[in-house]
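K.L.:
As a plain string of letters, each chain reads:
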Amino acid sequence: MSGARNLSAALRRARVPRPRIALRPTCSQTPQATAARSFTVSSTVRADREIKFTSDAYPNVKRNPNFAELTPEHVTYFKELLGSQSAVIDGVSTDAGDDIEPFNSDWMRKYRGHTRLVLKPQSTEEVSKVLKYCNENKLAVVPQGGNTGLVGGSVPVFDEIVVNTSRMNNIRAFDQASGVLVADAGVILEVADQYLAERDHLFPLDLGAKGSCHIGGNVSTNAGGLRLLRYGSLHGSVLGLEAVLPDGTIVDALSTLRKNNTGYDLKQLFIGSEGTIGLITGVSIQCPPRPKAVNVAYFGLESFEQVQRAYLEAKGQLSEILSAFELMDGRSQRLVQDSTGNKQPIEGEYPFYCLIETSGSNAEHDMAKLETFLENVMGEGIVADGVLAQDETQFQALWRWREGITESLSHLGGTYKYDVSIPLSELYQLVEDCKQRLTEKGFVGDDDSFPVRAVVGYGHMGDSNLHLNVAVRRYDKEVEKAIEPWVYEWIQKRQGSISAEHGLGIAKRDYIGYSQNETMVKLMKQLKNLYDPNGIMNPYKYI
Amino acid sequence: MSALRILVPVKRVIDYAIKPRINKAQTGVETTGVKHSMNPFDELSVEEAVRLRQRGEDKSSPVKVENILALSAGGPKTPDVLRTAMAMGADRAFHIDVPEGADGGPEPLTIAKMLRGVVEKENINLVLLGKQAIDGDQGQTGQMLAGLLGWPQATQASKVDIKDEAGTVEVTHEVDGGVETLRAKLPMIITTDLRLNEPRYASLPNIMKAKKKPLEKKTLADFGVEDTRRLKTLKVTEPPARKGGGKVEDVDGLVSKLKELGAL
Numbered sequence: 001m002s003g004a005r006n007l008s009a010a011l012r013r014a015r016v017p018r019p020r021i022a023l024r025p026t027c028s029q030t031p032q033a034t035a036a037r038s039f040t041v042s043s044t045v046r047a048d049r050e051i052k053f054t055s056d057a058y059p060n061v062k063r064n065p066n067f068a069e070l071t072p073e074h075v076t077y078f079k080e081l082l083g084s085q086s087a088v089i090d091g092v093s094t095d096a097g098d099d100i101e102p103f104n105s106d107w108m109r110k111y112r113g114h115t116r117l118v119l120k121p122q123s124t125e126e127v128s129k130v131l132k133y134c135n136e137n138k139l140a141v142v143p144q145g146g147n148t149g150l151v152g153g154s155v156p157v158f159d160e161i162v163v164n165t166s167r168m169n170n171i172r173a174f175d176q177a178s179g180v181l182v183a184d185a186g187v188i189l190e191v192a193d194q195y196l197a198e199r200d201h202l203f204p205l206d207l208g209a210k211g212s213c214h215i216g217g218n219v220s221t222n223a224g225g226l227r228l229l230r231y232g233s234l235h236g237s238v239l240g241l242e243a244v245l246p247d248g249t250i251v252d253a254l255s256t257l258r259k260n261n262t263g264y265d266l267k268q269l270f271i272g273s274e275g276t277i278g279l280i281t282g283v284s285i286q287c288p289p290r291p292k293a294v295n296v297a298y299f300g301l302e303s304f305e306q307v308q309r310a311y312l313e314a315k316g317q318l319s320e321i322l323s324a325f326e327l328m329d330g331r332s333q334r335l336v337q338d339s340t341g342n343k344q345p346i347e348g349e350y351p352f353y354c355l356i357e358t359s360g361s362n363a364e365h366d367m368a369k370l371e372t373f374l375e376n377v378m379g380e381g382i383v384a385d386g387v388l389a390q391d392e393t394q395f396q397a398l399w400r401w402r403e404g405i406t407e408s409l410s411h412l413g414g415t416y417k418y419d420v421s422i423p424l425s426e427l428y429q430l431v432e433d434c435k436q437r438l439t440e441k442g443f444v445g446d447d448d449s450f451p452v453r454a455v456v457g458y459g460h461m462g463d464s465n466l467h468l469n470v471a472v473r474r475y476d477k478e479v480e481k482a483i484e485p486w487v488y489e490w491i492q493k494r495q496g497s498i499s500a501e502h503g504l505g506i507a508k509r510d511y512i513g514y515s516q517n518e519t520m521v522k523l524m525k526q527l528k529n530l531y532d533p534n535g536i537m538n539p540y541k542y543i
Numbered sequence: 001m002s003a004l005r006i007l008v009p010v011k012r013v014i015d016y017a018i019k020p021r022i023n024k025a026q027t028g029v030e031t032t033g034v035k036h037s038m039n040p041f042d043e044l045s046v047e048e049a050v051r052l053r054q055r056g057e058d059k060s061s062p063v064k065v066e067n068i069l070a071l072s073a074g075g076p077k078t079p080d081v082l083r084t085a086m087a088m089g090a091d092r093a094f095h096i097d098v099p100e101g102a103d104g105g106p107e108p109l110t111i112a113k114m115l116r117g118v119v120e121k122e123n124i125n126l127v128l129l130g131k132q133a134i135d136g137d138q139g140q141t142g143q144m145l146a147g148l149l150g151w152p153q154a155t156q157a158s159k160v161d162i163k164d165e166a167g168t169v170e171v172t173h174e175v176d177g178g179v180e181t182l183r184a185k186l187p188m189i190i191t192t193d194l195r196l197n198e199p200r201y202a203s204l205p206n207i208m209k210a211k212k213k214p215l216e217k218k219t220l221a222d223f224g225v226e227d228t229r230r231l232k233t234l235k236v237t238e239p240p241a242r243k244g245g246g247k248v249e250d251v252d253g254l255v256s257k258l259k260e261l262g263a264l
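Listed in order, the protein sequences are those of chains A and B. Residues in the first sequence are numbered consecutively from 1, following the UniProt record's numbering. Residues in the second sequence are numbered consecutively from 1, following the UniProt record's numbering.
Simulated from the structure, these hints should not be mistaken for laboratory data. Watch out, some of these pointers could steer you wrong.
[To be verified] In silico EDC-like cross-links for lysine to aspartate or glutamate, where the CA-CA straight-line distance does not exceed 20 Å:
1) A:Lys369 - A:Glu313
2) B:Lys77 - A:Glu392
3) B:Lys35 - A:Asp366
4) B:Lys35 - B:Glu66
5) B:Lys235 - B:Asp137
6) A:Lys369 - A:Glu305
7) A:Lys343 - B:Glu170
8) B:Lys35 - B:Glu100
9) A:Lys528 - A:Glu347
10) B:Lys35 - A:Asp200
11) B:Lys209 - A:Glu347
12) B:Lys213 - B:Glu122
13) A:Lys493 - A:Glu478
14) B:Lys212 - A:Glu375
15) B:Lys209 - A:Glu380
16) B:Lys212 - A:Glu347
17) B:Lys211 - A:Glu364
18) A:Lys292 - B:Glu198
19) B:Lys24 - A:Asp200
20) B:Lys209 - A:Glu371
21) A:Lys259 - A:Asp175
22) A:Lys493 - A:Glu518
23) B:Lys235 - B:Asp91
Quick caveat: nothing in here was measured; it's all calculated off a predicted structure.
Turn these sequences into a full structure, and let the hints steer you where they fit.
P.N.:
Okay, structure coming up:
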């Protein structure tokens, strides 16, 4: 299956490695998207079309004149330094053409840079020398892992040098007793998880792009994913890091200790900083034992109040075995049904659906707990109807009702997507308010004269993380104006986050002010200037 | 024909989506700690039985269903699949207690003889079986049972239609290059194939109800059968691992490689 997966699709838990180039249309959600263009429904047409340069899509972003232009001398230095032929893709002294293009654009075909040089160092020392040289020569750099990001953070904007971690792909150590894995930044997430599976452990992060994304990239973007509810954020599970600062300093914080209260916890600076202050070269991470028993149930519920009650009950009664609690509204499930033609697991329509997953060590014990919980929520009338997967096939099928939302949306047209974090009690209010606002403005309707098809909400209920999606028949400047910045202001009023798990990159760099106050942004800029005074690390993005 | 009394034998097998591993002694596949579920073909049989009842109730089928009996032979975890069958709509269940082992359980003939006993004791007039179990892949039980009972059989059904009150049944099954429609009179044996229907999910209310439905424990001896074995599994091995391919630089390289391998 080679579908386009936009935005949160990459957080799906699909086991299929995702192709780098999406074949179906993915639609730009950038605020700068030009007014009222309609889509072609045919998939191949769009795939062949050239991706717009980010520098054209963001005309207000100008190349920093302090950065040097790449010369053949620079390239010669890098070739001598890295030795191997495959370590350098040289578009400066040769025409690298198609070889360099995959590094210049993202898989959603939304962002495209002008880089002419890709470096693939194989060791931390090589990274150190590369960055040191770049810093001294004022050459801008974009650290890049599997290039599966959703906000354009891993692709260059202008001619920044791409430093790709794909050749740093060794698993360095694994300790069976403590469950600590130490690996190079360029190890693919799925490879790491397979390695751990053979040793009865699990990588504490799971997302749709697992077949391509690198763990270094996951850490530097602080990826969330489907199991965050259970295994927590990478800020907790990452025990240590090895990173290189722009001046070539190797920061060896590759601790394997769970406890270490000595000094500032500097590794945290690199987690989620999207390569703006240093390049992560190695990760040490705490891995839990692999669960032996996994169950999935799918519910229909009458109201968002009931969803909240179900969540509280699930937390209370399933506590340590609860591994996912996902929310899908009725409209999102109808869209999946319309696009896949699959029969819904539950008869009758409900305004809300939930998917609950449990993972534990003992199947009987888990089932006993789950059944008590199910009897309870059914008996109390919290859940109106539901099903329980009886085998692996049904397990996968139920998950597809959650994971298939993004893909279904992409089949039906374009989508304005917002990945937000809001306090749980008001989580769904944003969808209601947004729908009302767009309906009042006369944008929403059932036939083609209305630009908006549906306003849907779904997401990681357990993490207070909502994906607000406005499915549109065509991109329309007026619709966009009606949503932004209204949606950001709405979130700001509730002290929410405008980017819960997708990061800032280039897509959201202008909106950080809605979730961080001036002092915070100032402190962040100070940190950036302290470690990267020349600003060569992943410029034009983040803050 | 007054009403249908349907027997649906089901088998608990290693889940279809799980890759089986061979045990260390190479006598069978590893079953401990591996996820088991109902044999997918048996799910289709249960679903079809439940649909026959629904069609009888809404009068789209001329014959009503009086009772659906699910049955499974196996070890102490066998009731799991019987509860699933009852959650899908079976009315009651028999668990034939057979000790678990790596030897794959009783042979099809033993099972067929036991089923004959059940059919006779429970006055069954339609047996819906999966065409095969995905663990042993023998695909014999339905046919043997038909032979033992002297009943008509329709195998690999992709459509089942009860035509009249006298119990005339039309069964469509797929053959090479098309479909074949068979007609027979009840009582009969039908084995099910993948395109017959789409099995339903076990809903929570029905899972609860299934717990209260009767599940009786029986033995092979209750039906006058002994677990005799005619076959002995000597060894089970994995298929040879696929060897990795190699890369050639250009057409000349390809040609010389092919020559080297004796393909040209």
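K.L.:
Take the hints in turn and mark each one as holding or not.
P.N.:
Hint check:
1. Of the pairs offered as hints, the one joining Lys369 of chain A and Glu313 of chain A holds, with about 12 Å between alpha carbons and a cut-off of 20 Å not exceeded.
2. Of the supplied pair hints, the one linking Lys77 of chain B and Glu392 of chain A holds, its CA atoms being roughly 17 Å apart against a limit of 20 Å.
3. Between the alpha carbons of Lys35 of chain B and Asp366 of chain A the distance comes to roughly 14 Å, so the proposed pair stays at or under 20 Å and holds.
4. Restraint check for Lys35 of chain B and Glu66 of chain B: the C-alpha separation of about 34 Å exceeds 20 Å, so the hint is violated.
5. The straight-line distance between the Cα atoms of Lys235 of chain B and Asp137 of chain B is roughly 17 Å, inside the 20 Å bound, and the hint therefore holds.
6. Our distance criterion of 20 Å between C-alpha atoms is broken by Lys369 of chain A and Glu305 of chain A, whose separation comes to about 23 Å.
7. For the hint linking Lys343 of chain A to Glu170 of chain B, the alpha-carbon distance of about 27 Å lies beyond 20 Å, and the restraint is violated.
8. Taken as a hint, the Lys35 of chain B and Glu100 of chain B pair is honoured in the structure, with Cα atoms around 15 Å apart against an allowance of 20 Å.
9. For a cut-off of 20 Å, the pair hint linking Lys528 of chain A to Glu347 of chain A is broken: about 54 Å separates their Cα positions.
10. The suggested pairing of Lys35 of chain B with Asp200 of chain A holds, with an alpha-carbon distance near 16 Å, which does not exceed 20 Å.
11. Straight-line distance between C-alpha atoms of Lys209 of chain B and Glu347 of chain A comes to about 18 Å, which keeps the hinted pair within the 20 Å bound.
12. The suggested pairing of Lys213 of chain B with Glu122 of chain B holds, with an alpha-carbon distance near 17 Å, which does not exceed 20 Å.
13. Only pairs whose Cα atoms come within 20 Å are accepted, and Lys493 of chain A paired with Glu478 of chain A is rejected, the gap being roughly 23 Å.
14. Between Lys212 of chain B and Glu375 of chain A the CA atoms are separated by roughly 13 Å; this keeps the pair inside 20 Å, and the hint holds.
15. Distance restraint check for Lys209 of chain B and Glu380 of chain A: the Cα-Cα separation of roughly 16 Å lies within the 20 Å cut-off, and the hinted pair is therefore satisfied.
16. Only pairs whose Cα atoms come within 20 Å are accepted, and Lys212 of chain B paired with Glu347 of chain A is rejected, the gap being roughly 23 Å.
17. Only pairs whose Cα atoms come within 20 Å are accepted, and Lys211 of chain B paired with Glu364 of chain A is accepted, the gap being roughly 15 Å.
18. For the suggested pair Lys292 of chain A and Glu198 of chain B, the alpha carbons sit about 28 Å apart, so the restraint of at most 20 Å is broken.
19. As the CA atoms of Lys24 of chain B and Asp200 of chain A are separated by approximately 18 Å, the hinted pair is consistent with the 20 Å bound.
20. For the hint linking Lys209 of chain B to Glu371 of chain A, the alpha-carbon distance of about 12 Å falls within 20 Å, and the restraint holds.
21. Between Lys259 of chain A and Asp175 of chain A, the direct Cα distance comes to roughly 16 Å. Compliance with the 20 Å bound is thereby established for this hinted pair.
22. Pair hint Lys493 of chain A plus Glu518 of chain A holds up; C-alpha atoms about 16 Å apart against a cutoff of 20 Å.
23. Restraint check for Lys235 of chain B and Asp91 of chain B: the C-alpha separation of about 40 Å exceeds 20 Å, so the hint is violated.
Violated hints for the displayed structure, listed by number in ascending order: 4, 6, 7, 9, 13, 16, 18 and 23.
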